[in-house]
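Asks: Chains as they are written, first to last, in this note's numbering: chain A, 1 to 354; chain B, 1 to 77.
Cross-link-like lysine-lysine pairs, in silico, DSS-like; alpha carbons within 30 Å at most:
| hint | chain 1 | residue 1 | chain 2 | residue 2 |
| --- | --- | --- | --- | --- |
| 1 | A | Lys120 | B | Lys24 |
| 2 | A | Lys10 | A | Lys31 |
| 3 | B | Lys24 | A | Lys31 |
| 4 | A | Lys120 | A | Lys10 |
| 5 | B | Lys24 | A | Lys10 |
| 6 | A | Lys31 | A | Lys120 |
Rather than coming from a laboratory, the hints here were simulated on the basis of the structure.
For clarity, every value in this text was computed on a predicted model and none was experimentally measured.
Given next are the chains, with one letter for each unit.
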Amino acid sequence: MPRILVGTRKGLFVLTPDNGGPWRVSGPHLKGWEVFHAVADPRDGAVYAATNSFVYGATVHRSEDGGETWTRAEEIGLPEDTGLTLEKTWHVEPGRPGEEGRLWLGGAPGVLFRTDDSGKTWQPIDGVVRHPTREKWNPGAGGMCCHSIQLDPDDPQRMYIAISAAGAFRSEDGGETWEPANQGVAADFFPDNPFPDVGQCVHKLLLHPADPARLWQQNHCGVYRSDDHGRSWERLEGNGLPSGFGFPIALDPADPDTAFVIPEEGAENRVTNDGRLGVYRTRDRGASWELASKGLPQPAWCAVLREAASFDEGGVYFGTQSGSVFVTCDGGESWTEAASQLPPILSVEAADWQ
Amino acid sequence: MLAAEVGGQRRFEVEAETVAAALKSLPVSNLVFDERGELRRLVNVYVDGVDVRDSGGIDRPLCGDEEIRLIGAIAGG
Numbered sequence: 001m002p003r004i005l006v007g008t009r010k011g012l013f014v015l016t017p018d019n020g021g022p023w024r025v026s027g028p029h030l031k032g033w034e035v036f037h038a039v040a041d042p043r044d045g046a047v048y049a050a051t052n053s054f055v056y057g058a059t060v061h062r063s064e065d066g067g068e069t070w071t072r073a074e075e076i077g078l079p080e081d082t083g084l085t086l087e088k089t090w091h092v093e094p095g096r097p098g099e100e101g102r103l104w105l106g107g108a109p110g111v112l113f114r115t116d117d118s119g120k121t122w123q124p125i126d127g128v129v130r131h132p133t134r135e136k137w138n139p140g141a142g143g144m145c146c147h148s149i150q151l152d153p154d155d156p157q158r159m160y161i162a163i164s165a166a167g168a169f170r171s172e173d174g175g176e177t178w179e180p181a182n183q184g185v186a187a188d189f190f191p192d193n194p195f196p197d198v199g200q201c202v203h204k205l206l207l208h209p210a211d212p213a214r215l216w217q218q219n220h221c222g223v224y225r226s227d228d229h230g231r232s233w234e235r236l237e238g239n240g241l242p243s244g245f246g247f248p249i250a251l252d253p254a255d256p257d258t259a260f261v262i263p264e265e266g267a268e269n270r271v272t273n274d275g276r277l278g279v280y281r282t283r284d285r286g287a288s289w290e291l292a293s294k295g296l297p298q299p300a301w302c303a304v305l306r307e308a309a310s311f312d313e314g315g316v317y318f319g320t321q322s323g324s325v326f327v328t329c330d331g332g333e334s335w336t337e338a339a340s341q342l343p344p345i346l347s348v349e350a351a352d353w354q
Numbered sequence: 001m002l003a004a005e006v007g008g009q010r011r012f013e014v015e016a017e018t019v020a021a022a023l024k025s026l027p028v029s030n031l032v033f034d035e036r037g038e039l040r041r042l043v044n045v046y047v048d049g050v051d052v053r054d055s056g057g058i059d060r061p062l063c064g065d066e067e068i069r070l071i072g073a074i075a076g077g
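Bound-form chain A, shown alone (with noise of 0.2 Å):
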């Protein structure tokens, strides 16, 4: 079992199997600081946390012991002729094996940085900054945010973003330029042109990591996938699902046909359905949706943000706001809540390390 890295509004939690047992929870880590994400890179197990304060600012902060100690980020921030200033961070992407002291930073507002020495420095992508359709983007109720960055770990030039709400974009020249990747994705609240360019709002993109052709996202207007890098997506919901809403998207990295979702009843309504935590599995490429939801408590008027849910080969993690983390290592077949009663969760992320 990995151990669990928890951000919420009020430092990171990290959460430790025991054996059988009950996890052990440790933290709060960097106290005062909202984690937007944290992640362990797994090159190194360096723990990396995008870190905000509405007091002083937004940041990332590393950790090389488990988040015991931390250093922050020297230098991170936008260029003076955009007219922005960097307002959250949100996600931290590790480069790819080999692509040594190399991450991905999503901020906003709708900004993407890079750094090449282990998040000592932080460079603003001009191709995302300056992006041409810039003026049509939109902040959702969380602010513009770049929430998911995805590599292709076939092709090292390809690499996708998304961000609230601008849609999906990407890059086939390791992030110079972007495209919109927004074909078929609907923006139901522009009723004159439901299928711009860009604008949609997207809540998460994920890439399946053993078949990177096939994207997934859970959209403000529905649940979609991509079976051609992103150039087309089909939307997905209406056969089992409660609703097309929701924020975060998990899936099965032995099995790209398996998609997890924890609908939400709507825009106007963000919590659960009818008070049912509600998970929600496909198996099928999203064709039919069916509920996972046993082990998991009911009735439970709760939510589950973007960035507060998190696979890999051992289960599926999730975070709610009322701050407890769910588990499954059986495909969703049955839950057990790992922690409860922490601050509210903004993110979940599972992490090796020695």
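For chain A, the structure is supplied; the task is to place chain B on it using the hints.
Replies: Only chain B this time, still in chain A's reference frame:
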């Protein structure tokens, strides 16, 4: 939070011409100032007990031994 960023150290002795220069010499300067070099809106700076925003601003000269205190605004939840 600021002290936690520098291993718990709460007090620094620095020599500087202005309040801003003193603060920019600190290892937490990028938490106190944004990427434009502007003092963050919710960081309050007191020089010998007087809010610097009411007494010459962040660029006012320092003279002699003066004590600068950094305090996060009382806001939030």
